[in-house]
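Visitor: Each chain, written out:
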Amino acid sequence: NAGVTQTPKFRILKIGQSMTLQCTQDMNHNYMYWYRQDPGMGLKLIYYSVGAGITDKGEVPNGYNVSRSTTEDFPLRLELAAPSQTSVYFCASSYSQVGRSSGNTIYFGEGSWLTVV
Amino acid sequence: KNEVEQSPQNLTAQEGEFITINCSYSVGISALHWLQQHPGGGIVSLFMLSSGKKKHGRLIATINIQEKHSSLHITASHPRDSAVYICAALHSGGGADGLTFGKGTHLIIQP
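Respectively, the protein sequence lines represent chains C and B. First residue of the first sequence? That's 7 in the numbering used here, and the numbers climb one at a time after it. First residue of the second sequence? That's 238 in the numbering used here, and the numbers climb one at a time after it.
Among the hints, erroneous ones may be present.
Stated by the list, open to error - Mimicking BS3-like on lysine-lysine, the simulated pairs with C-alpha atoms at most 30 Å apart in a straight line are:
#	chain 1	residue 1	chain 2	residue 2
1	B	K291	C	K50
2	B	K305	C	K50
3	B	K290	C	K50
4	B	K340	C	K20
5	C	K63	C	K20
6	B	K340	B	K291
7	C	K50	C	K20
8	B	K290	C	K63
9	B	K340	C	K50
10	B	K292	B	K305
11	C	K63	B	K305
12	C	K50	B	K292
13	C	K15	B	K340
No lab work stands behind these hints, which were simulated from the structure alone. In this text, all values refer to a predicted model and were calculated from it rather than measured experimentally.
Only chain B is shown next, with the shape it has when bound in the complex:
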């Protein structure tokens, strides 16, 4: 069974700071998702990646398959980035039920 661990659980930073959220998983995967959960509860997919790096605006996601590790970076952080960030791993042998979710990182960006 795949285990997905995120760190830190909680992170408070000042506006403008560079943010890094980490995700580690225990078994081989075919893809990893980064999700953002807004304070109102809605969940939005940010990235899906299986290798290398992806960038969207101020968000960058990287994955190292050999080390079973992914990071989500936020550059020039802003209070509107405050949310819970969730990583979810699709394990290689998994079917439609193959996503395992981390517990999330609660990020607060203070002005």
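Same shape as in the complex, but just chain C:
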């Protein structure tokens, strides 16, 4: 089973360039999330979506954009990359709100390592 798939795994960007991190899930989950993980820090929520056509900002949304045109896909767009966006990015999904019911857990992709130079 594929689960949550995100690409690319590794990318080096120059300052000012733009790129899109792709995320797709095949579990028919309604909720999808983008997190970033910086060294020595906990995961921080960038954006999330509770269903197709619905997105909302998380804790650290500046410099990013998302869209959710289908249930399966939730791409993260970086506009005008900055060194502060050097991080590991994780896409995740859950059927409904995580923790609201027994067995509703969260599934993560393998991570995308992004370096902005």
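Given chain C's structure and the hints, the job is docking chain B onto it.
Guide: Relative to chain C, chain B alone:
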């Protein structure tokens, strides 16, 4: 705002030892997750619990709601248990954005 603290930050132990990782949070929660991050980076959910104790193989997770504290135990630890263990708390008033993550505990089990 919920704060989630984990201890220890780093732990090195010998194969076979009993391991305990602690997680404390500051406000009421509706659920707590324990996650495992492999050396290659992938994150896997181990447990989700809102009360009592859960067991899966050699892993045991407990939570004390009154004390705002959870522990993850590993019995008969093995080098393949080496990973970063992360707790994440879903605060009671939270929406879909309601998970707060700890910084993780880096566990190394030496043969």
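Visitor: If a hint holds in the structure, say so; if it does not, say that too.
Guide: These are the hints, each one checked on the structure:
1. B:K291 <-> C:K50: Given pair B:K291, C:K50 holds - Cα atoms ~27 Å apart, limit 30 Å.
2. B:K305 <-> C:K50: 21 Å, holds
3. B:K290 <-> C:K50: 27 Å, holds
4. B:K340 <-> C:K20: Measuring from Cα to Cα gives roughly 28 Å; hence the hint holds.
5. C:K63 <-> C:K20: 25 Å, holds
6. B:K340 <-> B:K291: 22 Å, holds
7. C:K50 <-> C:K20: 23 Å, holds
8. B:K290 <-> C:K63: 34 Å, violated
9. B:K340 <-> C:K50: 10 Å, holds
10. B:K292 <-> B:K305: 20 Å, holds
11. C:K63 <-> B:K305: Answer holds: C:K63 to B:K305 is near 28 Å, not above 30 Å.
12. C:K50 <-> B:K292: Cα-Cα ~28 Å, so holds.
13. C:K15 <-> B:K340: 22 Å, holds
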